[in-house]
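Produce the complete structure using the sequences and hints provided.
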Amino acid sequence: MTDCRFTRAASLGEAVDCLQQAGGEAHLLAGGIALGILMNEKLLEPSWLIDLSRLEDLKGIRLNPDGSLRIGAMTTHREIERSAEIAGAYPMLIEMAREIACGRIKNRGTIGGNICLADPQGDPPVAMIALRATLRAVGPSGPRDIAATAFFTDLYTTALTKDELLHEIQVPAQADHTGAAFGKFSARRAMDYSSTVSAAVRLVRDAVSGRISDIGIGIGGAGLIPIWAQATEAALRDNRPDGDALAAMREALMEEIEPIGDDLYSADYKRHVASVILRRTLERAYARAAAVGGADKP
Amino acid sequence: MTTIWKEPDGEKFALGSIEEQAHWQKEYQRILRAVREEADATRPAERIGRDSHTVGMALPRNDALYKVRGKARYAANIPMEGALFCRFARSTEAHARIRGIDISEAKAMPGVRAILTADDIPADQLLIGTLTDDTPVLAKDHVRYSGEPIVAIAAETEEAAEAACLAVEIDYEPLPMILTPEEALAPGAVQLDPDGNVIGDLKLENGDIEAGLRAADVVVEGSFVTEPVDHCFLEPPSGLAFVDPDGVLTVMVCTQYPHYHHKQIARVAGLPMEKVRVVQTVVGGAFGGKMDNTVECAIALLVLKTGRPVRMLYTREEVFTATTKRHAMKIRQKIGATKDGRFTALDVEYLADGGAYRSYSLVVGGRCVIHTGMPYRFPNSRVHYVATFTNYPPSGAMRSFGVVKVAFALESLIDELAGRLGMSPFEIRRINGLVDGDKTSTGQVIHDVGLLKTLEAIEPIYQERRKALAAQPDDGLKRGLGIACLGYGIGYSGIRNPSTARMRVTADGVVTACCGTPDIGTGSDMSLAQIAAQSSGVGLHRVRVVSGDSTKTDDSGPTSASRTTYFSGNAAYICGQDFKRQFEEAVARARGVTAAQVRIEDDRIVIGNERLSFEDACRLISAEIEDICGYGKFDPEIEASILTFKGNPYPTYVYATHLVEVAVDAELGRVDVLRCWAAHDAGTIVNPTGAEGQVDGGVAMGIGQALWEKVERRDGVILNPHYRDYLMAGAKDVPLEIKSIFIQNHDRTGPFGAKGLAEVSLIPIPAAIASALHDAVGIRPKRLPMSTEYLLGLINERARAAAPAAKAAAGDGHD
Ligand SMILES: Cc1cc2nc3c(=O)[nH]c(=O)nc-3n(C[C@H](O)[C@H](O)[C@H](O)COP(=O)(O)OP(=O)(O)OC[C@H]3O[C@@H](n4cnc5c(N)ncnc54)[C@H](O)[C@@H]3O)c2cc1C
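As they're listed, the protein sequences go chains F and W.
Note that the numbering used here numbers the first sequence so that position 22 is 22, with each residue one more than the last.
Note that the numbering used here numbers the second sequence so that position 463 is 463, with each residue one more than the last.
For the record, the hints were derived by calculation from the structure and aren't laboratory data.
Don't take every hint at face value.
[What the hints assert, rightly or not] In silico DSBU-like pairs for lysine-lysine, Cα to Cα no more than 30 Å straight-line:
hint : chain 1 : residue 1 : chain 2 : residue 2
1    : F       : Lys106    : W       : Lys203
2    : W       : Lys782    : W       : Lys71
3    : W       : Lys782    : W       : Lys739
4    : W       : Lys107    : W       : Lys203
5    : F       : Lys106    : W       : Lys67
6    : F       : Lys42     : W       : Lys107
7    : W       : Lys732    : F       : Lys106
The structure is reproduced here in C-alpha cells:
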C-alpha cells in the first residue's frame with residue numbers, strides 16, 4: 001500500500017491550490033462512496049485526497065427570488081429528497097433523488113460527487129441535462145460556467161480541467177407551463193445500479209395549441225455517458241406527443257443512444273426499455289405541464 | 001514470555017438466558033401483537049419463559065438481542081492477541097497442470113510467517129471431502145477451477161498476506177476446459193477426475209412408463225434450465241485457530257457441522273481426535289454453504305506450522321468464485337394424465353453441473369430423484385439423474401438440495417396440465433395429492449400427510465383474491481395468481497443420521513442441554529430448549545442449550561436437510577424424559593418415598609401434597625446431583641440405497657401450498673411479487689416466531705432465485721463476483737404481506753408432533769411465480785432466473801402467436 005496524503009480543505013481557495021500543486025495527481029473527496037469502492041477494489045490508489053466536507057461554500061440549497069435554484073456540490077441526495085424548496089419548484093428532482101440507491105447512500109452521496117463521477121447510470125446528470133442546468137466550476141483563474149449538456153465528454157470523464165472543482169449547480173427558472181418528470185427502470189426494486197435505464201424530461205406546453213414549445217431530455221444507462229438526446233428533443237419540439245411525433249421520437253432516440261449489452265441485458269433490450277421509459281416519462285411531464293397552468297411552477 | 005491462547009470469555013450468545021431478556025421480550029410481544037392485531041392467545045408476557053409448557057408459544061429468539069446490540073460473536077470479530085492472517089493464492093486457470101510453484105519472492109516479503117503448499121501435507125492426508133475425499137486442501141499438480149486454493153500464506157496482517165499471495169509465481173500448463181455437462185459427457189472429452197467425468201448416474205423406475213403415457217389423454221412436456229446460484233450468506237467463511245493451554249488445536253469457525261471439521265482437521269493435521277476441538281461461532285447465514293471445508297484445514301495447519309493463532313476471512317469475491325454453488329441444471333420432463341385429471345405417467349431427466357469436485361452432488365442427486373413427483377401419486381414413472389464434473393467451483397448443498405428446481409419443473413407442468421384439462425389448479429392437486437397410507441416412489445408408506453389441508457387453507461384466499469383482482473381498477477399492470485405445492489423429506493436421504501442430547505443440572509438449578517446439531521441462525525437452540533424444558537418439566541428459563549462444540553456434544557450430523565427440530569428435537573425430548581425420571585428418582589431417594597410419588601411439574605417438584613421449588617429440590621439432592629445425566633438418542637430406521645431407491649428414505653415428510661400474487665409490466669417484462677400466502681404442514685410449530693422467520697426468509701430467497709439470481713460464468717470464469725451485479729431480493733422486493741399459515745398437523749413420530757420447516761419455505765416460490773405469470777400474461781417461463789428480458793421475449797412471442805389466431809377469431813391463446 002502506498003502512503004496517501006490527506007488534506008481537509010478549509011477554504012475553496014485551499015482546495016484549488018492543492019489541486020494545482022498536485023498537478024492532476026490528487027482526488028477530491030466528497031461523500032467518498034465511489035472513491036471508497038474504487039479504493040477497496042484496488043482500482044485506485046490515490047496519493048493525495050482532498051476532503052471537501054468542510055467547505056461551507058459547497059453546501060446548501062437556495063431557491064432564488066427569480067425562481068432559479070442553486071445546489072451546492074456537497075449537497076447530499078437525501079438533502080435534495082427532503083428539501084421543501086425543491087419539492088415546491090422542481091418536483092422532478094425529488095423524484096430523481098428518491099430513486100437513488102438506498103438510505104445509506106443517499107445520506108452520504110453528494111450530487112457533486114455523482115455528477116463529477118459522470119457514471120452513465122447516474123441519475124443527477126440526466127436530470128441536469130433536461131433542466132438545462134449550468135455547472136459552475138472553480139479553478140486557479142476563478143469560476144467557469146459549463147452547460148450540463150456539454151459537461152459529460154467521455155466515459156467517466158467531464159469537462160473539468162484537472163485543477164478545477166465543481167462548486168455549484170445552477171438550475172434556471174422554469175418557464176410558465178413547464179412540466180418535468182423523471183423515470184427509471186430497474187428489474188429489482190431494492191437498490192439496483194448495474195443495469196438501470198433512466199429518462200429525464202422537461203417540457204413547456206403551449207397552453208393554446210398543446211404543442212411542446214421547448215423540451216429537454218436526458219437519458220441514462222444507454223451509452224458511455226449520460227446522454228443529451230438532442231435529436232429526440234427536436235423530433236418532439238413543436239409537436240403534440242402523440243402518434244407520429246412519438247414514432248419520430250422513438251426513431252430519433254434509437255439513433256442517439258448506444259446502450260452496451262452486459263451480463264444482465266442485451267443492448268436491444270435496453271433500447272426497448274429506454275424508449276418505453278422515455279415515452280412514459282414524457283407523458284407524465286406533459287400531463288404535469290397541463291396541470292400547472294401559467295401561474296404555478298412545475 | 002509466552003502468550004497463552006485460549007477461547008475468549010463469553011458465550012456465543014445468550015444461550016437460553018431468557019430472563020436476561022425479559023424486559024425486551026415484553027416489548028417484543030407488544031410489538032408483535034400490535035402489528036398483527038392478534039388477540040393475546042399466549043400467556044401474559046411476564047410469565048413467558050418461566051413455564052415449562054412453551055412448545056407452541058411465540059417466543060423471541062434467544063440470540064436476537066445480542067445480534068441487534070452487536071454483541072454476537074462472529075469469528076472475524078473474536079479478538080486474539082498475536083493472530084496471523086491467512087490468505088490463499090488461488091488458481092487463475094480453470095483447468096491446468098501445475099508445472100511449478102515459486103514461493104521464494106513471497107517468502108522474503110515483510111510480515112510473512114509461513115507458506116503452505118500441497119507438498120507440506122503428506123499425500124494420504126491431502127484429500128478431504130464430504131461423501132468422498134476427493135478435494136485437495138491445496139491443489140497439488142492439477143487445478144480444476146479458477147479460484148482453487150494452491151498456496152496458503154500466514155502473515156502479520158491481511159495486507160501482507162495478500163501481497164505475498166500476489167508474489168507467488170505459479171507456472172501453469174493450461175488444459176482443455178469442460179464448461180458444461182454436455183461437454184463432460186462428449187466422447188473423447190478430457191477427464192477431470194481419476195474416476196471419469198460422471199459424478200453420479202442415478203435411476204428410479206416405477207410401473208411402466210410407456211403404458212402410462214399411452215393411458216394418458218393429455219401429455220405436457222417441457223425443458224427447463226436453471227442457473228447456478230450463490231447462498232448469499234452475509235457473513236463470509238471465517239475462522240480463528242489456535243492451540244489452547246492443554247495443547248488442543250482449537251478451531252472457531254462459522255459452520256453448520258463442527259464435528260465434520262473436527263474429523264477432517266484431525267486427519268489432515270495427523271492429530272489424534274482428542275487433540276482437536278471445533279467450536280462453532282455465531283453463523284451469519286449458511287443455507288448449505290457452510291458444510292464443506294473452506295478456511296478450516298488451512299488455518300489449522302498454519303497454526304501447527306507457526307505456533308501462533310491464525311485467522312482467515314474470505315472476501316466476497318472469494319465467496320462467489322471459490323465456495324460451493326447451487327447446481328445449474330437442465331430438466332426434461334413429461335407428465336401424462338387422463339381426462340378426469342388422474343396422473344398416469346412422469347418421465348424426467350436431469351443433467352446437473354457438479355463443478356470441479358463432488359461436494360454434495362450425490363446428495364443433491366439422490367434427493368432430486370426421490371422427490372421427483374412429490375407430493376403426488378404417479379403410478380408410472382421414470383427418473384434419470386446425471387451429474388458431471390466441470391471446470392467451475394464445486395456445486396454443493398443449498399437450501400432444499402435441488403428440490404426447488406424439481407418443484408419448478410413439476411409444478412409448472414401441472415399448472416399447464418390443469419389448464420389443458422380445464423381444471424382448477426386446486427382440483428388437479430386434490431385428485432393426485434398424497435394422503436395417509438399412500439406409497440411414495442420408493443415404496444414408503446407415509447403417515448400424517450397434511451398436503452390437502454394446506455391446499456384447503458389456501459383455496460378460499462385464492463378465491464377471494466380472484467374476486468379482488470377482477471374488481472381492481474386498471475393501472476396498466478397485469479395481475480395474476482399462482483400456486484405451487486411441495487412435499488419434502490426430513491433428514492438425510494436414506495442414510496441413518498441419529499441425533500443425541502444430554503441434560504445435566506447444577507446444584508443451583510441451571511439445566512444444561514447439550515445438543516449435537518448447532519444453531520446456524522435459525523433459532524434452533526431456542527426450539528430445542530423449549531422441547532427439553534417441556535419434556536422434562538423444568539422451566540424454560542433455566543435451560544441452557546449448548547450446541548456447536550465438537551467436544552461438548554456428540555456428532556449428530558449437520559444442521560441441514562431441515563432435520564434439527566425433528567431429529568435433535570426428538571433427542572431432546574427423549575433426553576428430557578430420561579432426565580425427569582432420574583431427577584424424580586433422586587428426590588424420591590432423598591425423601592425416602594417411592595419414585596411414583598414424585599413428579600416434576602411446571603418447574604416445581606410435587607411430592608404427594610407437598611410442593612418444592614426446583615432450586616430447593618436441587619439442594620435436597622445436591623449429594624448426587626452430579627450423577628444425573630439425561631441421555632436421549634433418536635435414530636429412526638431409515639434405509640433406501642442410492643442404487644435402488646427402494647425403502648424408507650426419510651422418517652417423515654412436510655408439505656406446503658404457496659400462493660403468490662404478482663403484477664407484471666407487460667411492456668417491459670418486469671415483475672413485482674405483491675403478496676404471498678404460505679400454508680405449511682410442518683407438524684406442531686414449536687416456536688411460531690422462529691417459524692415465521694423461516695418462511696419470510698424462504699419467500700425472500702425464492703423471489704430472488706426466481707427473478708434475478710444467477711452466477712454469470714464464461715470460459716471458466718465467474719463474471720459477477722459481487723452484489724453489484726449479482727442481484728438478490730432486497731427489502732423492497734419482498735411483499736409487505738407474507739402470511740404464514742401453519743396447519744399444526746401433529747406428527748406421531750415428532751417431538752410434541754413437530755416435523756421441521758427451514759428449507760421448504762423456499763421450494764414452491766419460483767413455481768408459484770411462474771404460474772402467476774401465466775395467469776397474468778399467459779406465458780410459461782421455463783428458465784430460472786426469469787429475467788425481465790426473458791419474460792418480455794415470452795410475452796412478445798405469445799402476442800405474435802396470438803395475432804393470427806385473434807384474426808381468425810379463435811380462442812384466447814391461453815393454454
Ligand atoms: C450501491 C450503490 C448504488 C447506487 N445507486 C445509484 C443510483 O441509483 N443513482 C445514482 O445516480 N447514483 C447511484 N449511486 C452512485 C452514488 O450516488 C454516487 O456514487 C455518489 O453520489 C458519489 O458521490 P460521492 O459524494 O460519494 O462522491 P465521491 O466518491 O466522493 O467522488 C466521486 C468522484 O467525483 C469527484 N468529485 C467529488 N466531488 C467533486 C467536486 N466537487 N468537484 C470535482 N470532482 C469531485 C471525486 O474526486 C471522485 O472522482 C450508487 C452507488 C452505490 C455504491
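Hints breached by this structure: When the structure is compared with the hints, numbers 1, 2 and 4 turn out to be violated.
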